[in-house]
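Engineer: Here is what each chain is made of, one letter per residue.
Number of protein chains: 2
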Amino acid sequence: MNVLIVFAHPEPQSLNAALRDVAVAQLRADGHEVQVSDLYAQGWKAVVDRDDFPKLDPRERLTVAAASAGAYFGGTLTADVKAEQDKLLWADAVIFQFPLWWFSMPAILKGWFERVYALGFAYGVGEHSETRWGDRYGEGTMAGKRAMLVVTAGGWPEHYGPRAINGPIDDLLFPINHGTLHYPGFDVLPAHLVYSTTGMDAARFEVEAARLRARMRNLATDAPIAYRKQNFGDYRIPEMQLREGLEAPGDVGFALHIRKD
Amino acid sequence: MNVLIVFAHPEPQSLNAALRDVAVAQLRADGHEVQVSDLYAQGWKAVVDRDDFPKLDPRERLTVAAASAGAYFGGTLTADVKAEQDKLLWADAVIFQFPLWWFSMPAILKGWFERVYALGFAYGVGEHSETRWGDRYGEGTMAGKRAMLVVTAGGWPEHYGPRAINGPIDDLLFPINHGTLHYPGFDVLPAHLVYSTTGMDAARFEVEAARLRARMRNLATDAPIAYRKQNFGDYRIPEMQLREGLEAPGDVGFALHIRKD
Numbered sequence: 000m001n002v003l004i005v006f007a008h009p010e011p012q013s014l015n016a017a018l019r020d021v022a023v024a025q026l027r028a029d030g031h032e033v034q035v036s037d038l039y040a041q042g043w044k045a046v047v048d049r050d051d052f053p054k055l056d057p058r059e060r061l062t063v064a065a066a067s068a069g070a071y072f073g074g075t076l077t078a079d080v081k082a083e084q085d086k087l088l089w090a091d092a093v094i095f096q097f098p099l100w101w102f103s104m105p106a107i108l109k110g111w112f113e114r115v116y117a118l119g120f121a122y123g124v125g126e127h128s129e130t131r132w133g134d135r136y137g138e139g140t141m142a143g144k145r146a147m148l149v150v151t152a153g154g155w156p157e158h159y160g161p162r163a164i165n166g167p168i169d170d171l172l173f174p175i176n177h178g179t180l181h182y183p184g185f186d187v188l189p190a191h192l193v194y195s196t197t198g199m200d201a202a203r204f205e206v207e208a209a210r211l212r213a214r215m216r217n218l219a220t221d222a223p224i225a226y227r228k229q230n231f232g233d234y235r236i237p238e239m240q241l242r243e244g245l246e247a248p249g250d251v252g253f254a255l256h257i258r259k260d
Numbered sequence: 000m001n002v003l004i005v006f007a008h009p010e011p012q013s014l015n016a017a018l019r020d021v022a023v024a025q026l027r028a029d030g031h032e033v034q035v036s037d038l039y040a041q042g043w044k045a046v047v048d049r050d051d052f053p054k055l056d057p058r059e060r061l062t063v064a065a066a067s068a069g070a071y072f073g074g075t076l077t078a079d080v081k082a083e084q085d086k087l088l089w090a091d092a093v094i095f096q097f098p099l100w101w102f103s104m105p106a107i108l109k110g111w112f113e114r115v116y117a118l119g120f121a122y123g124v125g126e127h128s129e130t131r132w133g134d135r136y137g138e139g140t141m142a143g144k145r146a147m148l149v150v151t152a153g154g155w156p157e158h159y160g161p162r163a164i165n166g167p168i169d170d171l172l173f174p175i176n177h178g179t180l181h182y183p184g185f186d187v188l189p190a191h192l193v194y195s196t197t198g199m200d201a202a203r204f205e206v207e208a209a210r211l212r213a214r215m216r217n218l219a220t221d222a223p224i225a226y227r228k229q230n231f232g233d234y235r236i237p238e239m240q241l242r243e244g245l246e247a248p249g250d251v252g253f254a255l256h257i258r259k260d
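Here the protein sequences come in this chain order: A and B. Residues 0 to 260 in numbering that gives the first Met the number 0 are what the first sequence spells out, letter by letter. Residues 0 to 260 in numbering that gives the first Met the number 0 are what the second sequence spells out, letter by letter.
Bound conformation, chain A alone (with noise of 0.2 angstroms):
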């Protein structure tokens, strides 16, 4: 397969780094091709505003969808956005690796979504009607194409179990796995948490990077996890929302979207 990593930490000798290193060897050592677009390295820009758009009228208004509609259709989208969409278009699997700073990912890396998917390219594509929202949520630009999430954490793992007062993980990073990988087509595959990162010894850090090798290893033929196509009967549309009693029983909130049969 072609793989796409992108890293997003700070810092060369950090465990972030280390972990992809592991990640890129396994990889190759199993003959895939790897590229890695490493945000902090390449000094990526975060923010998506008027620079982007050059051929925007400076007197008209920045919308930001319809300005990326705009330069994508028209082939005006910056070099920087536009190698980042070629990788896309090149990957058969993504892995996005960051460390979960305020249960999220990192600025930098939100701002890679917000400035690589434009309108026309990661949504907006398809028929937009009363009946069909959308080529989103399972089909799209990603279609056929892996992802997952490889997340460092310096808690614990019970701190982000079902009772835990971080919330559970899962859930956590549902805005992520759901709404930004799912909705443009990916298949999404359980995320990799490194838990209790400080201070790591070398005990430790063999311990995980063998865990990440078998994912590695695995990535072609992982289950991904079992989100509900939007365009397949299970939502009402234009509504979108679940149609009564496919859920299993106890089902609220984000669990709905995830098929249990």
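By construction, these hints were calculated from the structure, which means they are not laboratory data. Don't take every hint at face value.
When chains are identical, the list treats them as one kind, so a pair holds in a single copy or across two.
[To be verified] Here are the simulated lysine-lysine pairs, DSBU-like style, with alpha carbons at most 30 angstroms apart: (1) K81 <-> K44; (2) K54 <-> K81; (3) K144 <-> K86; (4) K86 <-> K44; (5) K54 <-> K44; (6) K228 <-> K44; (7) K259 <-> K81; (8) K259 <-> K86; (9) K81 <-> K228; (10) K144 <-> K228.
Computed from a predicted structure; not experimentally measured.
Use these hints to put chain B onto chain A, whose structure you have.
Structural biologist: The following block gives chain B in isolation, referenced to the frame of chain A:
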């Protein structure tokens, strides 16, 4: 009260900017002092990196938490970060206003938290031991202050309802409301949502302006979300799990952390 509005939208002619002006006018009419941090207009540096810590030895590995603690306690944080910390300390209430991009806040605001929330200022506060895991989740530097999100979304309100494919809005915002605002001690008011923003006409804008004015008038008195506090017996420490039997029937996940009595 002293009210800080942290505003994250790139366009001065936007709906968001118009709503911000409505909020500022109402708050001032009600006798409050108001400051606005307009992140795009300020050219806010979105990304936390080595430049944030000018006293860090260039040969030293960058660990953001440790570096921010060193700079905070050593008084060497950059002037832009110090200025935002001073505004937080000045404020009795803080409003964060932004468009919902990929089900979270814009990168420029995420980076505001990453840079302004230094270790020692917004986390790592108070005694950390096996029986008391710091002053957080209801205690900390922001204790006694109020916070509130004002969020615009292109989608319909139905699209963020209990059974909606995007997920319930309050769950999508939990990593911000609970994990980023309640964490350093804020009392968090229910978020104010403005939906269906695309192509809003003047009549609908007046309706939305009136709704926002009402929220501003009640900023000092609205009841906050009843998040459980960490250190008052509801949680086992250090595992940070909610004790059995405290929840309302059927509550799971994020809902466990809101008192229903």
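Engineer: Work down the list of hints and note, for each, if the structure agrees.
Structural biologist: Okay, the hints, checked on the actual structure:
{"no.": "1", "hint": "K81 <-> K44", "result": "both (13 angstroms within a copy, 23 angstroms between copies)"}
{"no.": "2", "hint": "K54 <-> K81", "result": "within (15 angstroms within a copy, 37 angstroms between copies)"}
{"no.": "3", "hint": "K144 <-> K86", "result": "within (12 angstroms within a copy, 45 angstroms between copies)"}
{"no.": "4", "hint": "K86 <-> K44", "result": "both (17 angstroms within a copy, 27 angstroms between copies)"}
{"no.": "5", "hint": "K54 <-> K44", "result": "both (18 angstroms within a copy, 24 angstroms between copies)"}
{"no.": "6", "hint": "K228 <-> K44", "result": "neither (33 angstroms within a copy, 38 angstroms between copies)"}
{"no.": "7", "hint": "K259 <-> K81", "result": "neither (38 angstroms within a copy, 49 angstroms between copies)"}
{"no.": "8", "hint": "K259 <-> K86", "result": "neither (33 angstroms within a copy, 48 angstroms between copies)"}
{"no.": "9", "hint": "K81 <-> K228", "result": "within (28 angstroms within a copy, 46 angstroms between copies)"}
{"no.": "10", "hint": "K144 <-> K228", "result": "within (15 angstroms within a copy, 42 angstroms between copies)"}
When the structure is compared with the earlier hints, violations turn up for hints 6, 7, 8 and for no others.
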